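> One-letter residues, chain by chain:
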Amino acid sequence: MPAPHRTLTRRALMGGGLVLGGATLAGCVSPSGSSDTASSGALEATGDAGGEISILDDNTNSVFKNGLIDTFQEQTGITVKNYEMANFNDLHDRFATMFAGEDSSYDVIMTWAGWSAEFGQAGWLQEISQDALPSDVIRPALDAVSWDGKVYGLPKFASVQTMFWNKEHFERAGLDPDAGPQSWEEFVAAAKKLTTDGRYGYTCDMGNPAGAYQNFLRTMLLCGGELYDSDWTPQLDSEAGVEAMSKLVELFRVHKAMDPASLQITNASDLVEVFAQGNTSIVFNWPFQWSVATQKGAKTSAETVGNGLLPGVNVRSASIDGSEGYAISRFSENKAAAMKWLEFASSATSQTEIVQQEGWFPVSQEILQDPATLEALPVVETYQKSTEYVTKRYGTPWSNELDQLLSVHVNRAMNGKEEPQEAMTAAQQELEPIVEKYLG
Amino acid sequence: MSALSGRRRWTVGRVAHRLAVAVLVLWLVAPFAWMVVYSVYPSTNLRATPMSFDPGDLTLTEYADLLSDPSFLLPMRNSAVVGAATTVLCMLLGSLAAYSISRFRFRGSQTLLLSMMTVQAIPAIVLAVPLFVLMRDFGLYDTLVGLVLTYAAFILPLVIWMMVSFFDSIPVNLEKAARIDGCGRLGVLRRVVLPLSGPGFAATAIFAFITAWSDFFLAKILTGPDAETLPVRTASFQGLFAMDYTAAATAGVITALPVLALALVAQRWIVQGITEGAVKG
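Residue numbers (my numbering), protein chains in the order written: chain P, 1 to 440; chain S, 1 to 281.
Because the hints were derived from the structure by calculation, they are not lab data. Remember, predicted model here, so these are calculated numbers, not experimental data. It cannot be assumed that every hint is accurate.
Stated by the list, open to error - To be clear about the criterion: a stretch of chain P counts as covered by chain S if any three or more of its residues have a C-beta under 8 Å from a C-beta of chain S, and this derived list gives those stretches:
(1) 57-68
(2) 227-238
(3) 262-272
What the hints assert, rightly or not - Some chain S residues flagged as far from chain P (calculated, every beta-carbon gap over 12 Å):
(4) Leu24
(5) Val36
(6) Met76
(7) Leu89
(8) Met116
(9) Ile125
(10) Val129
(11) Pro171
(12) Cys183
(13) Leu186
(14) Arg233
(15) Met243
We put the CB at the ideal spot given by N, CA and C, even for glycine.
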């Protein structure tokens, strides 16, 4: 544990308390950003760096503590004084507290699209110059560490949802096991046929606010829609928004091809299990679905799991992004060394381990093109194809508030308590003032 | 006829009352019972359709795993130390302060009592950053001492309030008699007042322990890996993409057991203490 150090001032005490109190009660931090804590300029490319750094990560990746930190220290001569892995759900409040207290204990923190936007806008993350970005990094993966045209970090892995299907179920239902549905119509028809033997053709995870948002957003993108226009005006009640909601409701209530448990499943790992145990035939999920579905103990295997692009409604395909990255705290006292860590995490050395040991998609071009990657993780092929289509997450400073309000209306619509149009109109009306509050 | 009707009414009323109590108990116990079920069955059994409750699948493996895992034992030890130390500190200081407020008339005593409760009305979230900065600058961040001092600051006012009402219910004449027999102020407190307010003292101590033992928010903000407590460790079984239900449920049961045991052992004192404190003597 590094010894935190800053000078205690009455201003820090009072200001910090007010900022965090108000911010956390609102679900996010400083709506309009804070000018006095704004980043003092983008970090340029670093040359030599040394000294020590401390890193606060979530518990998604084990490869760093299991050897990559040693490699980093050997390669750079920089000492990782402290590498702490914490529960993702605890990190937001810890970060907000540390930043509000202008704490320099950690130089590098884990981030994703929502936090990059929230903490970036608040001026608590160090902006990185476009010139400092490694040329090997896959550009779309930068979405997880960017907000409002500024880059606040580097990605550590890419995660894009693709479609997984059970080939055995397909064969038994008289469907071609080697070719997944190519369009939403084909998907619905297949899911209906596969709903048999006390099993549903399709299952998803919309049991909590984040899940409801992700499932809705994915369908909206598959309908060819955009969640915001270029001025950040929400488009929930647009044609695509209403169509997306209607498609989900129809799948559940009209076609009865979606497992009702979908409304209770709260995270991707549960969905992974449902599929791996052969309890559903089609899921749209993150890449680690593959490793779980093909590991020992699963009722599926590499031979029986099919993988392909998500089937579109008005477009061929689209997907949502769940990538993670690292950012540098604005209060870090060794930003040059911190930048070295970011570069290392996105480099071929680290990416090889992340792909082969943990089954996430790489953010390094070199590793993406490497045949060994495809051999270790066959679903990478689908990821490569998916880069031709829209993949978004829309991480914003108001992500938490959007998740909450949208999930209420998505659930009402799914349960028949609101018509899709009514649900989207209500969600739009609730979201507009929230966006206005943040963007002014 | 009317006697029969009265008896029937009485029986119906009694049955309805017992039914209502049964429903209430079921409602209160169900979450804990479900947590126990989740901790002793493999998650695949509970995710199957329909769920499988085959007694042959019952297992205590997760308990054995957690109770032999150093990364779980350290938070357990931390919670026990913090809970016990906070309780001792709060009861020691709280009893003395409450006795002073109850027995001595001094200017501002009631204002002091009220202001202590006002502090309780401030949401912990507002105090999170100042507390973090304080702890950091005094070198107490991620230490058990820092956590004990923080909890004591939050719990002490409530302890004082509760103890004042218990002390108020003890007749002053008993103390006067003890004073005549040669007891000093502290002697009176130790030999007369505290023994007589035993149930209230126990109830308050248990309240202090449970509050410190089960806190999540402040522990999350003020600790790292060294002073991590059991509730924070339990929450860590939920990740961004995954949730280990069996481990979380097992940790939940382990966290709840000491509180449950304390409540059962001290049930009589708690009830007695609460009722004693409710009326002044």
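> Does each hint fit the structure? Answer for all of them.
Here is what the structure says about each hint:
1. 57-68: holds (count 3)
2. 227-238: This one is violated; 0 residues, fewer than the three required, reach chain S with a Cβ under 8 Å.
3. 262-272: holds (count 5)
4. Leu24: holds, 26 Å
5. Val36: Answer for Val36 of chain S: holds, closest chain P Cβ roughly 20 Å.
6. Met76: The assertion about Met76 of chain S holds, with a minimum of 17 Å to chain P.
7. Leu89: About 24 Å separates Leu89 of chain S from the closest Cβ of chain P, which puts it past 12 Å; holds.
8. Met116: holds, 19 Å
9. Ile125: Since the minimum Cβ distance to chain P is about 5 Å, Ile125 of chain S lies within 12 Å and the statement is violated.
10. Val129: Nearest chain P Cβ is 3 Å from Val129 of chain S, so the label is violated.
11. Pro171: Its Cβ never comes within 12 Å of chain P, the nearest being 45 Å, so this holds.
12. Cys183: Label holds. Min Cβ-Cβ 45 Å, cutoff 12 Å.
13. Leu186: Per Cβ check, Leu186 of chain S is outside 12 Å of chain P; nearest 37 Å; holds.
14. Arg233: Check fails; 9 Å does not lie beyond 12 Å.
15. Met243: violated, 5 Å
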